[in-house]
Amino acid sequence: MSDNNKTLNPWGSLLPDDIVTNIFLRLPIKSIIICTSVSKKWKSLILDPKFNFISTHLHHSYNNNNHNLHLFSLDSQKTEDNKEIYVLYNEDDTDFTRHASFDIPLHGSELDPLNKILHVVGTCNGLLCLSDYSLETDRIFLWNPCVGKYLRLPSPNVTYATHGVFKGSLGFGFDPETNDYKVVRVVSLPITPNLPTLQHKVEVYSLSTGQWRMLSDSLVPTCVVYGILTQSSVNGAMHWLVSRTANDNQFDHFGLVFDLHNEVFREILLPELPAYTRQRSTLCASVSTYRNSIALFHNDHNSLCLDIWVMKDYGVVSSWMKALSLPLRKNIMRAVGFCRNGHIVLELDGGQLISWDVETQEIKDFGIIGYNFVDAYVESLVLLDKTTDNTITY
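No gaps in the numbering here: position 342 of the sequence shown is 342 in the numbering used here, and each next residue is one more.
Each hint should be verified, as a subset may be incorrect.
To be verified - Calculated cross-link-like contacts (lysine-lysine; reagent style BS3-like; alpha-carbon spacing at most 25 Å): (1) K364 - K312; (2) K40 - K30; (3) K40 - K50; (4) K43 - K30; (5) K41 - K386; (6) K30 - K50.
To be verified - With beta-carbon atoms standing in for the labels, derived distance ranges: (7) S37 - Y62: 19 to 29 Å; (8) E177 - G350: 37 to 47 Å; (9) I117 - G367: 21 to 31 Å; (10) D180 - N64: 17 to 27 Å.
Because the hints were derived from the structure by calculation, they are not lab data.
Each residue gets a CB set at the ideal place from its N, CA and C atoms; glycine is no exception.
Generate coordinates for the entire structure from the input sequences, incorporating the hints supplied.
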């Protein structure tokens, strides 16, 4: 082995870069972060984009099954000091042990003084996208609690100051083709005498460029996005629930899909729902990620049941299957989401969370109360290499 292919590392021995990198891949994230302060060479191996270590580490975590964590969000209104708390739990442990917990690091000055509650837009590869959904502020953040960094996105192009009152919906996901994270914002402008038909504005924030871009107004089909706090990102696409007025003056409900790579919209049909739903402009429903596909949670007010539909084969409408129908008794409040293994997470009266195995009908009590969000989570180094002015390390 020639000296040109070796690196004198801080241990004083000669090791090739690929072996040093291989060692780093097996270290806990906190140890990797410490390594960036040990030597310039190590810092370069970890942070320099040309070595692609952050992406390699993420793939290593997935391929080696180091991603059996679930992220739960504790509602700030249920804590004594009104703090939002995010907790990681290990799915593999029979006791469902707490892996780590994080207080949200954002300061009061960064939030709307009248609305300091942040909602989870989505999670992806260790990143959380948070927003206050405020017309006046439009504050959106990307946060990686494992590396202790968050990024405040610049102000979008469409704001209350530029367009007046509007209804906005957000989505957050990952484009595997370009290895880029994107925030998608669909704004619906209200109908007025000067604007007789519903109009949409669409803009996309790219983490790689750090900027918002406006897309063509004609991209969005005529529809109304509802359930702004619920969306799903899977297979490189965003999914929202929407409706539009049909020719018979009733309402058609469908899924609006945004391809994160090609940046185009398409429609996807929902399962066949009760006839009365066409008389309503919105459904009491939400969309969720189910493994590598999507699911629909629908509260059927006629049968007083919570119907849970899953699309077994993504994109194939005929593969919609009703996985579960639960009576909406007092003890079942809502479906929160899915575990990575496909078990449904349900919230009971009083805030208690349980999981329900559709195949075996087994019920598991998580033993935790007050959490309003759940999603599969993988620890990652995403954002560790960001050094822009609007990136905060804490």
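Hint check:
1. The straight-line distance between the Cα atoms of K364 and K312 is roughly 24 Å, inside the 25 Å bound, and the hint therefore holds.
2. For a cut-off of 25 Å, the pair hint linking K40 to K30 stands: about 17 Å separates their Cα positions.
3. Pair hint K40 plus K50 holds up; C-alpha atoms about 15 Å apart against a cutoff of 25 Å.
4. With a CA separation close to 14 Å, the supplied pair K43 and K30 stays within the 25 Å bound.
5. With a CA separation close to 18 Å, the supplied pair K41 and K386 stays within the 25 Å bound.
6. At most 25 Å may separate the alpha-carbon atoms for a hinted pair to count; K30 and K50 meet this at roughly 22 Å.
7. Take S37 and Y62: their Cβ atoms lie about 27 Å apart, and the range 19 to 29 Å holds.
8. A hinted range of 37 to 47 Å holds for the C-beta pair E177 and G350, which are about 45 Å apart.
9. At about 25 Å, the beta-carbon gap between I117 and G367 stays in the expected band of 21 to 31 Å.
10. Taking 17 to 27 Å as the suggested C-beta distance range, the pair D180 and N64 conforms, at roughly 24 Å.
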